[in-house]
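Asker: Based on the provided sequences and hints, a complete structural model is requested.
There are 2 protein chains.
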Amino acid sequence: MEPKSGISRKDFLKLSATAGVGIALGASGLGAIMEVAKPAKTPSSAPGESGGDIIPLYGTHQPGIITPQQTYMYLASFNVTTKNKSDLITMLKDWTKFCDLSVAGGTMKLSDNALVPPTDTGETLDLPASKLTVTFGFGPSFFMNEGSDRFGIARMAPLYLKDIPRMPRDQNIDKEISGGDICVQVCANDQQVAFHAVRNLIRLSTGHASLKWMQEGFASGTPGKTPRNLFGFKDGTANKLHDSSAGYDQVVWAGDNELGWMQGGSYLAYRKIQMKLESWDRTSLADQEATFGRSKLSGAAFGSHGEFDSFDLSKLPEKSHVSLAKQTKQQIHRRAYSYTDKVDPRTGNIDAGLLFISYQRNPDEQFLPMLKLMQNNDALNSYVAHVGSAMFACPAGLKQGRYIGQNILEA
Amino acid sequence: MEPKSGISRKDFLKLSATAGVGIALGASGLGAIMEVAKPAKTPSSAPGESGGDIIPLYGTHQPGIITPQQTYMYLASFNVTTKNKSDLITMLKDWTKFCDLSVAGGTMKLSDNALVPPTDTGETLDLPASKLTVTFGFGPSFFMNEGSDRFGIARMAPLYLKDIPRMPRDQNIDKEISGGDICVQVCANDQQVAFHAVRNLIRLSTGHASLKWMQEGFASGTPGKTPRNLFGFKDGTANKLHDSSAGYDQVVWAGDNELGWMQGGSYLAYRKIQMKLESWDRTSLADQEATFGRSKLSGAAFGSHGEFDSFDLSKLPEKSHVSLAKQTKQQIHRRAYSYTDKVDPRTGNIDAGLLFISYQRNPDEQFLPMLKLMQNNDALNSYVAHVGSAMFACPAGLKQGRYIGQNILEA
Numbered sequence: 001m002e003p004k005s006g007i008s009r010k011d012f013l014k015l016s017a018t019a020g021v022g023i024a025l026g027a028s029g030l031g032a033i034m035e036v037a038k039p040a041k042t043p044s045s046a047p048g049e050s051g052g053d054i055i056p057l058y059g060t061h062q063p064g065i066i067t068p069q070q071t072y073m074y075l076a077s078f079n080v081t082t083k084n085k086s087d088l089i090t091m092l093k094d095w096t097k098f099c100d101l102s103v104a105g106g107t108m109k110l111s112d113n114a115l116v117p118p119t120d121t122g123e124t125l126d127l128p129a130s131k132l133t134v135t136f137g138f139g140p141s142f143f144m145n146e147g148s149d150r151f152g153i154a155r156m157a158p159l160y161l162k163d164i165p166r167m168p169r170d171q172n173i174d175k176e177i178s179g180g181d182i183c184v185q186v187c188a189n190d191q192q193v194a195f196h197a198v199r200n201l202i203r204l205s206t207g208h209a210s211l212k213w214m215q216e217g218f219a220s221g222t223p224g225k226t227p228r229n230l231f232g233f234k235d236g237t238a239n240k241l242h243d244s245s246a247g248y249d250q251v252v253w254a255g256d257n258e259l260g261w262m263q264g265g266s267y268l269a270y271r272k273i274q275m276k277l278e279s280w281d282r283t284s285l286a287d288q289e290a291t292f293g294r295s296k297l298s299g300a301a302f303g304s305h306g307e308f309d310s311f312d313l314s315k316l317p318e319k320s321h322v323s324l325a326k327q328t329k330q331q332i333h334r335r336a337y338s339y340t341d342k343v344d345p346r347t348g349n350i351d352a353g354l355l356f357i358s359y360q361r362n363p364d365e366q367f368l369p370m371l372k373l374m375q376n377n378d379a380l381n382s383y384v385a386h387v388g389s390a391m392f393a394c395p396a397g398l399k400q401g402r403y404i405g406q407n408i409l410e411a
Numbered sequence: 001m002e003p004k005s006g007i008s009r010k011d012f013l014k015l016s017a018t019a020g021v022g023i024a025l026g027a028s029g030l031g032a033i034m035e036v037a038k039p040a041k042t043p044s045s046a047p048g049e050s051g052g053d054i055i056p057l058y059g060t061h062q063p064g065i066i067t068p069q070q071t072y073m074y075l076a077s078f079n080v081t082t083k084n085k086s087d088l089i090t091m092l093k094d095w096t097k098f099c100d101l102s103v104a105g106g107t108m109k110l111s112d113n114a115l116v117p118p119t120d121t122g123e124t125l126d127l128p129a130s131k132l133t134v135t136f137g138f139g140p141s142f143f144m145n146e147g148s149d150r151f152g153i154a155r156m157a158p159l160y161l162k163d164i165p166r167m168p169r170d171q172n173i174d175k176e177i178s179g180g181d182i183c184v185q186v187c188a189n190d191q192q193v194a195f196h197a198v199r200n201l202i203r204l205s206t207g208h209a210s211l212k213w214m215q216e217g218f219a220s221g222t223p224g225k226t227p228r229n230l231f232g233f234k235d236g237t238a239n240k241l242h243d244s245s246a247g248y249d250q251v252v253w254a255g256d257n258e259l260g261w262m263q264g265g266s267y268l269a270y271r272k273i274q275m276k277l278e279s280w281d282r283t284s285l286a287d288q289e290a291t292f293g294r295s296k297l298s299g300a301a302f303g304s305h306g307e308f309d310s311f312d313l314s315k316l317p318e319k320s321h322v323s324l325a326k327q328t329k330q331q332i333h334r335r336a337y338s339y340t341d342k343v344d345p346r347t348g349n350i351d352a353g354l355l356f357i358s359y360q361r362n363p364d365e366q367f368l369p370m371l372k373l374m375q376n377n378d379a380l381n382s383y384v385a386h387v388g389s390a391m392f393a394c395p396a397g398l399k400q401g402r403y404i405g406q407n408i409l410e411a
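Chains as they are written, first to last, in our numbering: chain A, 1 to 411; chain B, 1 to 411.
Don't take every hint at face value.
All copies of an identical chain are treated as equivalent in the list; a pair is satisfied when it fits inside any one copy or across any two copies.
[Said to hold, decoys possible] With a cut-off of at most 20 Å between alpha-carbon atoms, the simulated EDC-like pairs for lysine to aspartate or glutamate come out as follows:
hint	residue 1	residue 2
1	K175	D87
2	K342	D174
3	K175	D341
4	K175	D344
5	K342	E176
6	K315	D287
By construction, these hints were calculated from the structure, which means they are not laboratory data.
These numbers come from a predicted model, not from an experiment.
Answerer: Following this line, the structure appears as structure tokens:
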């Protein structure tokens, strides 16, 4: 591969020069320091992973929203610590440049000047692009922080952005792993590639923002099949209903009632949902299926035969998960991952569950009523606890040469 | 696939009948309940993953020791809670039967009797075997627990098994994530397949043992290349030195000075090593390379050209990691994974690092002197903290029809 168009060696030098602590370049010998390295060759034994596994960073919409789900995800939330708008802009520019390079599977040469820190942390030197996507979102506190319009952008807040209101069963929500000013969703088919990206974004945030929380997740599916959650049920079947350009416009992409930067963007709703695997595993198959309203094996709703068949609401248990979701007559685009954290020292059980992520154009209409209905009635509530919560507005797709958030900060 | 030889439907019923809480079968309708399901077909778009990706459970040695490293690992440590030797045996039999089925990529049919809990948790129903391996080890406290010979097996303890003695820099070792009676190392090229196995082993331990700690890790490498750790350096290069049957006999497999059950087994040494990524990333390339004694890009030791070239100790910085490892004139078989846990709330940094795992035939000679030398002198010490520690004796390979640990418990 040739060095990517749009990223010249000079750009790298600028990137390095602005990257602060991580890359403190001296003034000498710069010309020879950095070059775009070639992406690793496709290993002959893994034809699924190739240099062609590149998801473009630029386009009408951000990648990582309707992109078919990759196997791994890191979701990281940052609080902006600088009060200086130009520092914030510097960080967002650095992030954009890093992503431009990183999603293409490139890495910078480590350095020919050994006296400075390497320009790349190096753990992906031998790895292909792995369908890496980085998706950015901005939280309510990005626009208005504890009553202060820090960056003069309160007027740029999108229509429906707010923290998810307290729900009936929210007694376990942990504020330490909820919310945040800026969210970065990094997905890839290789965990090391995903971590490399999130780690370097953290590195480039030094002095400008602090990492508030980070959560990793996985979703293993055979290509073309809906992945299963840790209760063993298929998760994301209903996405098929809007799997068309028109469908995505209806369900996912914010419309022209929004400010320009948000048109073609989407709202990310996040709930970290702990699943009580031990009680679930002691529940009969009949009760498990009645809880979801679906066959465990096939994923078909009660009364229908195939996973994607239409179904008759009256055939489903009234409080089943699928029935309630259907009753709202609203669609969302699910993009959930499973997580397995540590052993919970209080119970000896594994803290594991679902990182519920959905994208929608209007959370007030599509997501919040569904969440409220579920919290009040869902038969699944006996087996789950919501422990984290957040909402972010993800801007429209990026144009080459511009940086993420530019249409908010320089409007 | 035909039902696996050695596992009859009757065996499954026995398994179910002994599995306690998880599978409380009624007395009726048993005949129709369980069948071995076929492994998922190889998806045409992922030829690397196939039904042929089965690592046998049975053989001279346990799988997961010299097996080429899979991408994901869960390491779980259990304490035996039952005082009843026959309950312990029941659990080990259930585990063995589960593994026999599970490593072959099979799953049980969920159930035709919907009134009982499903016999399989179901999250791998659509997934292939993914090179799953389960490796068992026994800790010092399995043989002698707080001065008590609970199961009458103190005389069966292997020659070199003991907790890793306190080292000079062990002030950060957390006992909650160290040691344990029984260790299970589960590895696979798919995280959900790996988790499915560890989760079901936990399920089958109910009433007999409790999960003490669990740690997940990943290692992303292009096939045939040494994976890189989170400092961006290659990890496991020296394994090449004993990559032959004779080499493994010299380095890994316990010899005939051990009791029969341990001959052909190996000692697993585990250290959870937190890596200070933030300080590392601020270190110059020259200092990073001097710390390891290797080129970051190529992995070659100082003074040599290729990763696997022999090298002259005098060319390496005295306290470099590779130099110290070489000075002990001992070899170990490394099988390390990276981990990324949460954000450390004290520092805002990510708790990430290396799950150092090595296998050796004699830890007194091979591992402990190396660890002590490293702790006293290794230049890497400025960038790492050891936080977890354990040693387990992994028995020789299993014969079909026998259960793991049988040669210890029924000797």
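Asker: For K175 vs D344, is the C-alpha pair at or below 20 Å within one copy, between two copies, both, or neither?
Answerer: both (18 Å within a copy, 15 Å between copies)
Asker: Can you tell me if K315 and D287 fall within 20 Å by alpha carbon in one copy, between copies, both or neither?
Answerer: within (15 Å within a copy, 68 Å between copies)
Asker: How would you label the pair K175, D341 (within, between, both, or neither) given a Cα cut-off of 20 Å?
Answerer: both (18 Å within a copy, 18 Å between copies)
Asker: Cα distance capped at 20 Å. Does K342 pair with E176 within a copy, between copies, both, or neither?
Answerer: both (17 Å within a copy, 11 Å between copies)
Asker: I want to check one pair: K342 and D174. Are their C-alpha atoms no more than 20 Å apart within a copy, between two copies, both, or neither?
Answerer: both (16 Å within a copy, 14 Å between copies)
Asker: For K175 and D87, with the copy left unspecified, which applies at a CA distance of at most 20 Å: within, between, both, or neither?
Answerer: neither (27 Å within a copy, 43 Å between copies)
Against the hints set out earlier in the document, a violation occurs for number 1 only.
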